[in-house]
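K.L.:
Chains V and W, in that order, are what the protein sequence lines are.
Quick note on my numbering: the first sequence kicks off at 87 and runs consecutively.
Quick note on my numbering: the second sequence kicks off at 110 and runs consecutively.
In short, the hints are calculated from the structure, not lab data.
It is possible that some hints are incorrect.
As the list claims (entries may be wrong) - Think about it this way: if two alpha-carbon atoms lie no more than 27 Å apart in a straight line, the pair counts; the simulated DSSO-like pairs of lysine-lysine are:
id	chain 1	residue 1	chain 2	residue 2
1	V	LYS143	W	LYS209
2	W	LYS177	W	LYS165
3	W	LYS209	V	LYS156
4	V	LYS156	V	LYS143
5	W	LYS209	W	LYS169
6	W	LYS169	W	LYS186
To be verified - The calculated label-pair distances, taken between Cβ atoms and stated as ranges, are:
id	chain 1	residue 1	chain 2	residue 2	range
7	W	VAL191	V	GLU145	32 to 40 Å
8	V	SER170	W	GLY118	18 to 26 Å
9	V	GLU145	W	ASP163	24 to 32 Å
10	W	GLY187	V	HIS127	27 to 35 Å
11	W	GLY138	V	THR101	35 to 43 Å
12	W	GLY150	V	LYS143	26 to 34 Å
13	W	GLU125	V	LYS143	22 to 30 Å
14	W	GLY110	V	SER114	29 to 37 Å
15	W	ASN168	V	GLU100	27 to 35 Å
16	V	TYR96	W	THR137	37 to 45 Å
17	V	ILE98	W	TYR148	18 to 26 Å
18	W	SER192	V	TYR96	21 to 29 Å
19	W	SER123	V	ASP142	39 to 47 Å
20	V	GLU100	W	SER192	34 to 42 Å
Claimed, not checked - Where chain W lies over chain V, by a calculated footprint (3+ residues, C-beta under 8 Å):
id	stretch
21	100 to 108
22	175 to 182
23	192 to 198
Quick reminder that beta carbons are idealized off the backbone N, C-alpha and C, glycines included.
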Amino acid sequence: DAGITQSPRYKITETGRQVTLMCHQTWSHSYMFWYRQDLGHGLRLIYYSAAADITDKGEVPDGYVVSRSKTENFPLTLESATRSQTSVYFCASSESGPSSAWEQYFGPGTRLTVT
Amino acid sequence: GNSVTQMEGPVTLSEEAFLTINCTYTATGYPSLFWYVQYPGEGLQLLLKATKADDKGSNKGFEATYRKETTSFHLEKGSVQVSDSAVYFCALRLTGGGNKLTFGTGTQLKVEL
Chain V
87 DAGITQSPRY KITETGRQVT LMCHQTWSHS YMFWYRQDLG HGLRLIYYSA AADITDKGEV
147 PDGYVVSRSK TENFPLTLES ATRSQTSVYF CASSESGPSS AWEQYFGPGT RLTVT
Chain W
110 GNSVTQMEGP VTLSEEAFLT INCTYTATGY PSLFWYVQYP GEGLQLLLKA TKADDKGSNK
170 GFEATYRKET TSFHLEKGSV QVSDSAVYFC ALRLTGGGNK LTFGTGTQLK VEL
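The following block holds chain W by itself, in its conformation from the complex (with noise of 0.2 Å):
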């Protein structure tokens, strides 16, 4: 079946610290691929995606390429600020497959100062 993998954390970084989240996929056909982002006591929020491969989609600050041949799509950024403290889900979708998301189990992000 389809699954997302990603690496446990919590991660634990100091300001400005390059962050890099990793993300596995499975996937019966050609997935769109997405970062959700979710802050404290909130829902989640999409941070970027992308739709084939070699794709990178990028938001503030943070980029992801869509890797078709490791079946990866990991996070990263240059240069985390404490703001970035979250839990950050990478999920797939597969095209005709009605819009459902299969999401990883998250990982937790912590950034100090």
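The following block holds chain V by itself, in its conformation from the complex (with noise of 0.2 Å):
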């Protein structure tokens, strides 16, 4: 399918589990970005990547660890997980250049609860 998925939907995993969400995008967009939805805190900004092999931190990076072999795929593990990283999670991913004004094209979510 075209676009921009997230796997699994939903999770629920136990303290101090690790666990890995995925997300995976047909455009060959460079940029993607993982965010969390918390209430009260909109979007914050976890990591993004550039390109493949290039990430960096975003706003709330501790806990979480990325990676970026391939254009296409971008996933997030917990490596060890906390009842505060129970949240949703939003990957989404962009074009880059002078042209296009950069939208960000979100993928559906992954609902974690950490118990």
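Two independent chains are provided; combine them into the complex using the hints.
P.N.:
Given below as structure tokens:
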């Protein structure tokens, strides 16, 4: 399917477990992003990537790890999940270049609950 | 630092009412400004955008004008519908900022018959 997809859509895990959220886009966009959405905070950037093998921290990176070996995939790993990481996670992608206003396209989200 | 401030929600309106959702920003440079909309259970999607001062973005009957003098980008619609019920996010992107967006906290809109 064309577009940007996330998996799983829902996940329940226990404190201390490692969990990986997957993100895949079919547009070959250069940029990819991970956000978390929490009530009262809007969306906060966790990590982003400008291209394969190039990643950088966002506003709230602690406790998360990312990789980007292929342009189309950008997995987010919680190495040891904590209750404070219970949230809805959104992946997004974007083209780059001077002619676009760099619209970000969002996936449907993953609702993660850490018990 | 850079930030976006939106009015608190929820905003509850009757169908066909006029909508204004306020958005102001603080930025060190000259940002591009965006409104995104999130329908229940979905991801965000771009509603409209403006890339320089005095630009007006518009889409689906919604409008917002980039006001540099008041650092604002208020969202308006003349006649809302039940289908407009969603959460609306104002966001900014700095030129040369690596395409990162800074979002406001979102404003929930509920439109009733």
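K.L.:
Confirm or reject each hint.
P.N.:
Hints, verified against the model:
About 11 Å separates the Cα atoms of LYS143(V) and LYS209(W), which keeps this hinted pair within 27 Å; it holds. Of the pairs offered as hints, the one joining LYS177(W) and LYS165(W) holds, with about 12 Å between alpha carbons and a cut-off of 27 Å not exceeded. Note on LYS209(W) and LYS156(V): the hinted pairing holds, with a Cα-Cα distance of about 20 Å set against a maximum of 27 Å. With a CA separation close to 18 Å, the supplied pair LYS156(V) and LYS143(V) stays within the 27 Å bound.
Using a Cα cut-off of 27 Å, the hinted pair LYS209(W) and LYS169(W) holds, with the two alpha carbons roughly 25 Å apart. Of the supplied pair hints, the one linking LYS169(W) and LYS186(W) holds, its CA atoms being roughly 9 Å apart against a limit of 27 Å. Checked against the hint of 32 to 40 Å, the pair VAL191(W) and GLU145(V) passes, with Cβ atoms roughly 35 Å apart. Look at SER170(V) against GLY118(W): about 24 Å separates their beta carbons, and that is inside 18 to 26 Å.
Between GLU145(V) and ASP163(W), the C-beta spacing of about 30 Å keeps the proposed range 24 to 32 Å intact. Checked against the given bound of 27 to 35 Å, the beta carbons of GLY187(W) and HIS127(V), roughly 31 Å apart, stay inside it. Judged by the Cβ atoms, the range 35 to 43 Å given for GLY138(W) and THR101(V) holds: they are separated by roughly 41 Å. GLY150(W) and LYS143(V) have their C-beta atoms about 29 Å apart, which keeps the hinted 26 to 34 Å range intact.
The hint said 22 to 30 Å for the Cβ distance between GLU125(W) and LYS143(V), and at roughly 46 Å that hint is violated. Checking the proposed 29 to 37 Å range against GLY110(W) and SER114(V) shows it holds: the Cβ atoms sit about 32 Å from each other. A hinted range of 27 to 35 Å is violated for the C-beta pair ASN168(W) and GLU100(V), which are about 43 Å apart. In this structure the supplied range 37 to 45 Å holds for TYR96(V) paired with THR137(W), their Cβ-Cβ distance being about 39 Å.
Restraint check, ILE98(V) to TYR148(W): a C-beta distance of roughly 24 Å satisfies the suggested window 18 to 26 Å. Between SER192(W) and TYR96(V) the beta carbon distance is about 26 Å. The supplied range of 21 to 29 Å therefore holds. Range check, SER123(W) to ASP142(V): Cβ separation about 46 Å, and the 39 to 47 Å hint holds. At roughly 40 Å, the beta carbons of GLU100(V) and SER192(W) sit within the given window of 34 to 42 Å.
Here's how the stretch 100 to 108 of chain V fares: 0 of its residues keep a CB closer than 8 Å to some CB of chain W, so the rule of at least three is not met and the hint is violated. For a cut-off of 8 Å, the count of residues in the stretch 175 to 182 of chain V with a CB near a CB of chain W stands at 4, and the three-residue condition holds. Residue count for the stretch 192 to 198 of chain V with a Cβ under 8 Å from a Cβ of chain W: 4. That meets the three needed, and the coverage hint holds.
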